[in-house]
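Asks: Sequence:
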Amino acid sequence: MFTFQENTHFSQALPCTKEAFWEQVKKQTTAWRINARRAILAAVEASKTEGVAALQSWLSSSEYQKFDLKRQNLKKKSAKEAWAKKTDAEKLKAYAQDLKENLPAFIFSCYEFDATESAKGQPFCHRRLKDCHLNGLVMLDIDHVENPMQIWWQLRDNAELMTRTKLVYITSSGNGLRIIFTADSSLGNLADNQIVFANALGQKADASCIDATRNSFSPKEEDILFIDETIFDYYDENFDKMFTDAYRDEKTQPINHRFDTDDGADGSIPSKSAAVSLQATQEGAGTFGSVDDQPLGDGVKWRGYDIQTIIDARFGDKLPCKEDSNRHNESLKLATDLMLMLDGDKKLVQTIVERQSWVQEIIEERDEDVAQTVESAAKQLAKKEETTSKPYPSKAMQAAIQAVTGLTYRELISESAAESSETARTSIEKKLQQWGEEIEGMFDDFPLLRDVCEGLKKSQYPAALFVAGGVMMTLMTRTWYRFYHRPQQERRLNCSLFIIGHPASNKSMADDIYEVLSTPIAAADKAGLAALNRYKQDQKKKAANKEGKDKPQGIIRIHPARTSNGQMIQDMLNAKETIEGKEIQLHLFTFDTELENSTTLQQGGSWINKQSMELKAFHNEKDGQMYQNSDSPVDEFRVTWNFIYTGTPIALKRKVNERNFGSGLSTRLAVIPMPKTNFEMIGFEDKTAIDWQRLDRMKTWAYRLDGRFGELPFWGIVKKLYNWTKDRMEDCADDNSEANELMLKRVAYHAINYSAPFIDARHWDKMKQKGSYWVGEYETDETDWKLCELIARIQYATQQHFFGVLAEKYFDDMNNDVQFTGKRHQQKSVDGYNRLPDVFTKEDVVRCFGYENDNSVRTKLARLVNNHQVEKIQDGDNKGKYQKLSKILS
1 MFTFQENTHF SQALPCTKEA FWEQVKKQTT AWRINARRAI LAAVEASKTE GVAALQSWLS
61 SSEYQKFDLK RQNLKKKSAK EAWAKKTDAE KLKAYAQDLK ENLPAFIFSC YEFDATESAK
121 GQPFCHRRLK DCHLNGLVML DIDHVENPMQ IWWQLRDNAE LMTRTKLVYI TSSGNGLRII
181 FTADSSLGNL ADNQIVFANA LGQKADASCI DATRNSFSPK EEDILFIDET IFDYYDENFD
241 KMFTDAYRDE KTQPINHRFD TDDGADGSIP SKSAAVSLQA TQEGAGTFGS VDDQPLGDGV
301 KWRGYDIQTI IDARFGDKLP CKEDSNRHNE SLKLATDLML MLDGDKKLVQ TIVERQSWVQ
361 EIIEERDEDV AQTVESAAKQ LAKKEETTSK PYPSKAMQAA IQAVTGLTYR ELISESAAES
421 SETARTSIEK KLQQWGEEIE GMFDDFPLLR DVCEGLKKSQ YPAALFVAGG VMMTLMTRTW
481 YRFYHRPQQE RRLNCSLFII GHPASNKSMA DDIYEVLSTP IAAADKAGLA ALNRYKQDQK
541 KKAANKEGKD KPQGIIRIHP ARTSNGQMIQ DMLNAKETIE GKEIQLHLFT FDTELENSTT
601 LQQGGSWINK QSMELKAFHN EKDGQMYQNS DSPVDEFRVT WNFIYTGTPI ALKRKVNERN
661 FGSGLSTRLA VIPMPKTNFE MIGFEDKTAI DWQRLDRMKT WAYRLDGRFG ELPFWGIVKK
721 LYNWTKDRME DCADDNSEAN ELMLKRVAYH AINYSAPFID ARHWDKMKQK GSYWVGEYET
781 DETDWKLCEL IARIQYATQQ HFFGVLAEKY FDDMNNDVQF TGKRHQQKSV DGYNRLPDVF
841 TKEDVVRCFG YENDNSVRTK LARLVNNHQV EKIQDGDNKG KYQKLSKILS
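Using this note's numbering, the first residue of the sequence shown is number 1, and each one after it goes up by one.
The set of hints was computed from the structure by calculation and includes no laboratory data.
Among these hints, one or two may not hold up.
Derived lysine to aspartate or glutamate pairs resembling EDC-like cross-links, with alpha carbons at most 16 angstroms apart [what the hints assert, rightly or not]:
| id | residue 1 | residue 2 |
| --- | --- | --- |
| 1 | Lys879 | Asp838 |
| 2 | Lys130 | Asp249 |
| 3 | Lys720 | Glu782 |
| 4 | Lys93 | Asp511 |
| 5 | Lys100 | Asp143 |
| 6 | Lys872 | Asp838 |
| 7 | Lys86 | Glu112 |
| 8 | Lys166 | Asp249 |
| 9 | Lys204 | Asp249 |
| 10 | Lys828 | Glu711 |
| 11 | Lys130 | Asp727 |
| 12 | Lys653 | Glu596 |
| 13 | Lys241 | Glu364 |
| 14 | Lys786 | Asp444 |
| 15 | Lys622 | Glu636 |
| 16 | Lys720 | Glu636 |
| 17 | Lys616 | Asp631 |
| 18 | Lys653 | Glu594 |
| 19 | Lys85 | Asp68 |
| 20 | Lys86 | Asp369 |
| 21 | Lys18 | Asp233 |
| 22 | Lys322 | Glu368 |
| 23 | Lys93 | Glu490 |
| 24 | Lys719 | Glu779 |
| 25 | Lys322 | Glu361 |
| 26 | Lys653 | Glu117 |
| 27 | Lys582 | Glu490 |
| 28 | Lys48 | Glu364 |
| 29 | Lys26 | Asp223 |
| 30 | Lys766 | Asp727 |
| 31 | Lys653 | Asp223 |
| 32 | Lys699 | Asp511 |
| 33 | Lys884 | Asp854 |
Could you build all of it, start to finish, from the sequences and the hints given here?
Replies: See below:
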């Protein structure tokens, strides 16, 4: 089982059957392109001695002239000019390459690729590592040999290797051999198997062919030297399970072996070369954190260090060379590293790559198109950015940077943003642990919080807090509160929550909490579900008795991700109660353990238009429908729908990304990360130690909160949140950061919504039962504020963690600012704080923040104290001064 693309430019990578394989191989166009390519390359070689006459028949061919005409009419002026400057031989070589690239292509190492959304919104199987499924087949590519048949004869005589061989054919150039064989998982991954198999033939494995998704252009039928037709059904499940996840994470380097060539595949750095002497002598301070403003060529600086010196350290005394057949591959690696380091400046990267001596060799030998290499590097970098917001240079380049600068790459880029190595230690992982400790400190005041978090690691407490808050605020659907913006409007407790973590990071704890706390809603839904199912059964009998029944109007509030629009809207219209003369629309609720469901299903009828409801749900905005069909009710309604999803970072990236960031969904979401497991086993849970009393307490609180009715007395907390937000808005103004302003605006809503159930439960002694409902008034205090303020800090920090770069990119684009580089604007408030000494005076505040009057200093100090970032020293030699509570802010 393997896959193929009929055309690599636009076709999907689909499973290749035996029939499809032979159809592609036997095509007349396949044979014609291969024969034409070989004849052209032979003519170009002959022209070196015979002159242009050797090329004439191909120059005058109609197919070539069509190709030439397309190149003459390229859209870019520079591309047209570059084509015009090429010699006839160069143009024919480009045509030969085009013939090759239009051949069908087989991906022998993958039996399937996951379908993802195409630009047109349709499912499409892209040939990408992150979507691959390995089959246990290995492709060995042996190129640039005078007689590939000699290698085949050697392989044919090796009985041990032949037992593993499935397919052998001559490549389209006529000077190479493709060998497809079965992997031995005991040797390691694909690259390990390539190295061992190639060594057994006295050949060198090509380090550029370790990508499992690398394609092999189709041979013509007569070039197939051997085929074992079991290849069409071959699948090694054990190999798939062992290595597919690693390849999806782009971990393609050999595990147990090394390539013969010193191409940096092992991530190590060769010794420093004494022969490489392109080191620049120019000095200049430049701009720390960017490429210095210097002429293209020698002397270009990166982070204040000479870029050529770093490149020299990268390759040492083992430069890429013709004998190792690795010059193009290494130029691509270098270009990819430089594209990342030099902010995507293609012109500068091309100039630096071209001046390397070994690149100059391939330019002279075969007119290497370095501009195209840089374009390929840009595409590779774009692919990396699809799966990570912070791609890094290769390990070999990072090692070279550290050898030259004495600092790691991460330390350098942190320093360029006025951060130090302390920033790495105060990552989101550390913050999760700190927040967990703060939550633990509130257990005595909020016993319900203790029950929710029991059995989890401290760093998982924030996720548990938000999940429980989300479910319980849905139970409190009959309550409302007033907010400082439009206080005349009754605000509902609305939850739009994502729990994001890598696979097997214990996201299932959200499911456990939901199952217990949603019991009252699930129990109430049973009557509505039973009535609906009876109605559907009756509909089947409708033709027999000629009498149809009216559709039941029962209340169904829990909806799976796979719910039709019509059913959801009907249930939203039905989910109403009248309490003391007040009609209340009850929240519908969706919980799903796979965020990917919503992004996958939204392409079909089951989710279309729910995207708008996802947006409107946060403020219960008005929606409606007016369709002609008789099954769709014509009505308006407030979108009253809470949802919680758990998913992976990749699923989140598909849900919220650069293309749809402007929709506003990101700030409506609470997105809480799960911590890394750090190779730690979960605790062993003895079945005899189940805390049934804890589960009963949680269910008891669920039923209590499900009966809560009335306006929540949160005005005191609302006023505190206004001041909290105002302080941070002033920091946004200091930073001139529209991105932070955007991410801050809705934080206060989240803080109230997720804290409300715990605060209400804490004051339950003030509640009185009135009929079927609980009502009551109380005064919130500093303990309540402590929880609410923590949730606000968590929400603001996680917004910046997940969406900070996207927000900056959004406003950069809106303001026609600089091209996106993946960096955040430097923040004046953070930079000023980081410059303060550990113990400081008001004069230090003036110096570090640049204030010019005492009022600004006093205001800033008050904000720092209120935000728990500094404290005033009350005794000792430093009495009256201030002390920082954190050494550095990120």
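Asks: With reference to the structure, classify each hint as holding or not holding.
Replies: Comparing the hints with the structure gives:
| no. | hint | in the structure |
| --- | --- | --- |
| 1 | Lys879 x Asp838 | 14 angstroms, holds |
| 2 | Lys130 x Asp249 | 7 angstroms, holds |
| 3 | Lys720 x Glu782 | 10 angstroms, holds |
| 4 | Lys93 x Asp511 | 60 angstroms, violated |
| 5 | Lys100 x Asp143 | 15 angstroms, holds |
| 6 | Lys872 x Asp838 | 12 angstroms, holds |
| 7 | Lys86 x Glu112 | 41 angstroms, violated |
| 8 | Lys166 x Asp249 | 28 angstroms, violated |
| 9 | Lys204 x Asp249 | 26 angstroms, violated |
| 10 | Lys828 x Glu711 | 41 angstroms, violated |
| 11 | Lys130 x Asp727 | 43 angstroms, violated |
| 12 | Lys653 x Glu596 | 10 angstroms, holds |
| 13 | Lys241 x Glu364 | 46 angstroms, violated |
| 14 | Lys786 x Asp444 | 13 angstroms, holds |
| 15 | Lys622 x Glu636 | 7 angstroms, holds |
| 16 | Lys720 x Glu636 | 35 angstroms, violated |
| 17 | Lys616 x Asp631 | 24 angstroms, violated |
| 18 | Lys653 x Glu594 | 14 angstroms, holds |
| 19 | Lys85 x Asp68 | 13 angstroms, holds |
| 20 | Lys86 x Asp369 | 11 angstroms, holds |
| 21 | Lys18 x Asp233 | 9 angstroms, holds |
| 22 | Lys322 x Glu368 | 13 angstroms, holds |
| 23 | Lys93 x Glu490 | 72 angstroms, violated |
| 24 | Lys719 x Glu779 | 13 angstroms, holds |
| 25 | Lys322 x Glu361 | 9 angstroms, holds |
| 26 | Lys653 x Glu117 | 13 angstroms, holds |
| 27 | Lys582 x Glu490 | 13 angstroms, holds |
| 28 | Lys48 x Glu364 | 14 angstroms, holds |
| 29 | Lys26 x Asp223 | 11 angstroms, holds |
| 30 | Lys766 x Asp727 | 33 angstroms, violated |
| 31 | Lys653 x Asp223 | 44 angstroms, violated |
| 32 | Lys699 x Asp511 | 15 angstroms, holds |
| 33 | Lys884 x Asp854 | 20 angstroms, violated |
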